[in-house]
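Visitor: If you count by UniProt numbering, then the sequence shown holds residues 1 to 188, one letter each, in order.
It is possible that some hints are incorrect.
Straight line, CA to CA, 16 angstroms or less: simulated EDC-like cross-link-like pairs of lysine to aspartate or glutamate [to be verified]: (1) Lys62 / Glu125; (2) Lys170 / Glu125; (3) Lys71 / Asp97; (4) Lys124 / Glu111; (5) Lys187 / Glu121; (6) Lys187 / Asp78; (7) Lys50 / Glu8; (8) Lys62 / Asp128.
The hints are simulated quantities; they were obtained by calculation from the structure and are not laboratory data.
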Amino acid sequence: MKKVNTREVLIQTTARLLQTNGYVGTGLNEIIKQSGAPKGSIYHHFPDGKEQLAVEAINWTKGNVTSFIQKQLNLYEDPIESIQQFILDSAGRFEEDTYFKGVPIAAIVLETSASSEKLREACKEVFDAWHRIFAEKLISNEYTEEQAHKLALTVNSMLQGALVVSLARKDAESLRTVAEAIPVLFKK
1 MKKVNTREVL
11 IQTTARLLQT
21 NGYVGTGLNE
31 IIKQSGAPKG
41 SIYHHFPDGK
51 EQLAVEAINW
61 TKGNVTSFIQ
71 KQLNLYEDPI
81 ESIQQFILDS
91 AGRFEEDTYF
101 KGVPIAAIVL
111 ETSASSEKLR
121 EACKEVFDAW
131 HRIFAEKLIS
141 NEYTEEQAHK
151 LALTVNSMLQ
161 GALVVSLARK
171 DAESLRTVAE
181 AIPVLFKK
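Based on the provided sequences and hints, a complete structural model is requested.
Guide: Have a look at this one:
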């Protein structure tokens, strides 16, 4: 029988709860209940408590989502097509409710940027990682570094905003609109 890694279970449970409930709405008791971990295990594995656990959950989310974005962008050689299709696929997943339960990084940074430098920095690192993926795709397709970084920042910002609006409206129209704008945005 495979031994359960309590630390990983706590991180993954917290990541899921942060996605649906945000930082403020995610309590330690709920993490314990959902994870099935013993109560003392949080402070054993995360001596700094909820904030440390949330940073680890953010890092776990960063790893998973960054890998996913990279795989999606690698499906197409053309950067315009790859980014546009990634956004359209995101719209489809939103409509199927198979992926989007919330926008965990945006929600956390909005809730905590003024109160927790550690959480703000962890969220910044996530956005920076996603920015790098978009920029690398562009640089590998003959965009200058300056162009690539400006476009990557624009795409990432538009995408995050569209995700938030999609959640508020409960439809994917804003994601599809951003996808339609990609060819115009990328004109050289």
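Visitor: Now, for every hint given, state plainly whether the structure supports it.
Guide: Cross-check of the supplied hints:
1. A hinted pair counts as satisfied when its Cα atoms are at most 16 angstroms apart, and Lys62 with Glu125 qualifies at roughly 8 angstroms.
2. Proximity of Lys170 to Glu125 is assessed by CA-CA distance (about 28 angstroms); at most 16 angstroms being required, the pair is judged violated.
3. Taking the CA atoms of Lys71 and Asp97, the gap is near 20 angstroms; set against the 16 angstroms cutoff, the hint is violated.
4. A C-alpha spacing of about 14 angstroms is found between Lys124 and Glu111, which places the hinted pair at or below 16 angstroms, so the restraint holds.
5. Taking the CA atoms of Lys187 and Glu121, the gap is near 33 angstroms; set against the 16 angstroms cutoff, the hint is violated.
6. At most 16 angstroms may separate the alpha-carbon atoms for a hinted pair to count; Lys187 and Asp78 meet this at roughly 13 angstroms.
7. For the given pair, Lys50 sits about 15 angstroms from Glu8 by alpha-carbon distance, which is consistent with the 16 angstroms threshold.
8. Proposed proximity of Lys62 and Asp128 is supported: the alpha carbons are some 10 angstroms apart, at most 16 angstroms.
In the structure shown, a violation is registered for the earlier hints numbered 2, 3, 5, in ascending order.
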